[in-house]
Structure formats: C-alpha cells, structure tokens
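**Student:** Sequence:
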Amino acid sequence: MYQKTFWQQAHLPYFLDLDREADDQFSRIKTGLAAAIILRDIRPAFVHFIQELNK
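Residues 1 to 55 (my numbering) are what the sequence shown spells out, left to right.
Calculated directly from the structure, the hints in this document are not laboratory data.
Possibly wrong hints are sitting among the right ones.
EDC-like cross-link-like pairs, simulated, lysine to aspartate or glutamate; straight-line CA separation at most 16 Å [claimed, not checked]: (1) Lys4 / Asp23; (2) Lys30 / Asp17; (3) Lys55 / Asp41; (4) Lys30 / Asp41.
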C-alpha cells in the first residue's frame with residue numbers, strides 16, 4: 001500500500017480496486033523513473049514520470 005488511506009474510503013464497495021489500481025500505477029511510475037535514470041533520458045521520460053507522480 002503506497003498511499004495514505006482515509007477511513008472513509010475503506011467503506012466504499014470498490015475500495016480494494018482503488019487500492020490495487022493506485023499500487024499498480026505507482027509501480028509503473030517507479031519503473032519508468034528507474035528506466036529513465038538508467039538510460040539517462042532526462043527529457044522527455046524522466047520529466048513525464050515526475051509529472052505522473054505529481055498527479
């Protein structure tokens with residue numbers, strides 16, 4: 001679980017789906033950032049994933 005969970009969200013019928021989707025998205029962002037750093041691709045890849053992280 002990568003994000004803070006509000007107690008109200010735990011009562012939603014689709015809470016587990018939201019949690020799983022957030023975890024998957026964060027994993028993709030981390031993978032993209034790592035690949036951008038390894039490939040030294042600051043623009044556009046690194047900037048793109050930093051912007052995704054801010055969403």
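**Student:** Each hint: holds or not?
**Tutor:** Hint check:
1. For the hint pairing Lys4 with Asp23, the CA-to-CA distance comes to about 11 Å; that is within 16 Å, so the pair holds.
2. Using a Cα cut-off of 16 Å, the hinted pair Lys30 and Asp17 is violated, with the two alpha carbons roughly 20 Å apart.
3. About 21 Å separates the Cα atoms of Lys55 and Asp41, which puts this hinted pair outside 16 Å; it is violated.
4. Between Lys30 and Asp41, the direct Cα distance comes to roughly 15 Å. Compliance with the 16 Å bound is thereby established for this hinted pair.
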